[in-house]
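A.B. asks: Sequence:
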Amino acid sequence: MSTDGYVVLIEDFAQRHYIKGFIKKYKGKQWDITISAVKSIFERCDNYAPNNKPTDSKLDIICPCGQYIIVKLDFAVAGTHTSPKSSGNRIIAAVDTVNKIVKILLVYSKNNIGPPNETIKWKKIVAQYYEEFKTLK
37 MSTDGYVVLI EDFAQRHYIK GFIKKYKGKQ WDITISAVKS IFERCDNYAP
87 NNKPTDSKLD IICPCGQYII VKLDFAVAGT HTSPKSSGNR IIAAVDTVNK
137 IVKILLVYSK NNIGPPNETI KWKKIVAQYY EEFKTLK
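Position 22 of the sequence shown, counted from 1, bears residue number 58 in the numbering used here, the numbering being contiguous throughout.
To be clear, the hints were calculated from the coordinates, so they are not data collected in a lab.
One or more of the hints may lead you astray.
As a list, the in silico DSS-like pairs of lysine-lysine whose alpha-carbon atoms are at most 25 angstroms apart [what the hints assert, rightly or not]:
(1) Lys170 / Lys139
(2) Lys60 / Lys75
(3) Lys121 / Lys60
(4) Lys146 / Lys56
(5) Lys157 / Lys65
(6) Lys121 / Lys75
(7) Lys108 / Lys94
(8) Lys108 / Lys157
(9) Lys157 / Lys139
(10) Lys136 / Lys146
(11) Lys157 / Lys56
(12) Lys159 / Lys170
(13) Lys108 / Lys75
(14) Lys75 / Lys94
Label-pair restraints from in silico Cβ distances [what the hints assert, rightly or not]:
(15) Thr118 / His53: 16 to 24 angstroms
(16) His53 / Asp96: 16 to 24 angstroms
(17) Ile59 / Ser119: 29 to 37 angstroms
(18) Lys146 / Lys63: 17 to 25 angstroms
(19) Gln103 / Lys63: 36 to 44 angstroms
(20) Asp110 / Asp68: 15 to 23 angstroms
(21) Ile156 / Lys63: 17 to 25 angstroms
(22) Lys61 / Gly102: 17 to 25 angstroms
(23) Asp82 / Ala114: 22 to 30 angstroms
Quick caveat, the model's predicted, so the values are computed rather than measured.
We put the CB at the ideal spot given by N, CA and C, even for glycine.
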C-alpha cells in the first residue's frame with residue numbers, strides 16, 4: 037500500500053441504517069468529531085495497516101474480497117471517555133488500494149449486531165446489501 041491519501045466514502049446503506057442511530061444518540065459535535073476522526077484514519081489507512089504485528093494497528097484486516105480488502109475499525113464516540121475496543125462500536129470498510137478509495141459499508145454498535153457470531157452476522161449484512169461483496173464469507 038502506498039502513503040498517498042485515500043478518498044473516503046460513506047455508503048448510502050451505512051448512512052441510512054445504524055449511523056442514523058449514532059447521530060440521534062450523540063447530538064451536536066460528538067458525532068461530527070467522531071466521524072471526522074474516523075475519516076482521517078481511513079484517509080491515511082496505509083499508515084494504520086499492520087506491519088506483521090496485529091498489536092500495532094488500529095485496523096483489523098478481515099479478508100480480501102475482489103479488488104478490495106475488508107477491514108474493521110473499533111472506535112469510540114468523542115467525549116464518551118471509553119476506549120475504542122471497549123465501546124463496542126465498529127466500522128466495516130472496503131479498501132480499494134488500486135483506486136485509493138475507502139468505502140464505509142457498515143457502522144454499528146455491538147448492541148445492533150449482538151452475539152453470538154458477530155462477524156458472521158455483519159458479513160451476511162454486507163453480502164446482502166452490497167452486490168460487489170455478495171461472495172463475502
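A.B. asks: Falls inside 29 to 37 angstroms, the C-beta gap from Ile59 to Ser119?
C.D. replies: Because 22 angstroms falls outside the window, the suggested range is violated.
A.B. asks: Are Lys146 and Lys56 close enough, with their CA atoms no more than 25 angstroms apart?
C.D. replies: At roughly 15 angstroms apart (the allowed maximum being 25 angstroms), Lys56 and Lys146 satisfy the hint.
A.B. asks: Determine whether the Cβ-Cβ distance between Gln103 and Lys63 falls within the hinted range of 36 to 44 angstroms.
C.D. replies: Distance hint for Gln103, Lys63 holds at roughly 38 angstroms.
A.B. asks: Starting from the range 17 to 25 angstroms, see whether the pair Ile156 and Lys63 falls in it by beta-carbon distance.
C.D. replies: violated (33 angstroms)
A.B. asks: Hinted pair, alpha-carbon criterion (25 angstroms max): Lys108, Lys94. Please report holds or violated.
C.D. replies: Holds, at about 9 angstroms.
A.B. asks: Decide if the proposed pair is consistent with the structure: Lys170 and Lys139, CA atoms, cutoff 25 angstroms inclusive.
C.D. replies: Satisfied, since the Cα-Cα distance of roughly 15 angstroms is no more than 25 angstroms.
A.B. asks: Please check whether Thr118 and His53 have a Cβ separation lying inside 16 to 24 angstroms.
C.D. replies: holds (22 angstroms)
A.B. asks: Given the hint that Lys136 pairs with Lys146, does the C-alpha gap stay at or below 25 angstroms?
C.D. replies: This hinted pair is violated, its Cα atoms lying about 29 angstroms apart.
A.B. asks: Within 17 to 25 angstroms or not, the Cβ separation of Lys61 and Gly102?
C.D. replies: violated (34 angstroms)
A.B. asks: Just to be sure I understand the hint, the distance between the Cβ atoms of Asp82 and Ala114 should be within 22 to 30 angstroms; is that true here?
C.D. replies: About 24 angstroms separates the Cβ atoms of Asp82 and Ala114, which means 22 to 30 angstroms holds.
A.B. asks: Given the hint that Lys121 pairs with Lys75, test it: the Cα-Cα distance must not exceed 25 angstroms.
C.D. replies: Holds, at about 18 angstroms.
A.B. asks: Quick one: are Asp110 and Asp68 within 15 to 23 angstroms, going by C-beta?
C.D. replies: About 20 angstroms separates the Cβ atoms of Asp110 and Asp68, which means 15 to 23 angstroms holds.
Going down the numbered hints, you'll see the structure goes against 5, 10, 17, 21, 22, while the others check out.
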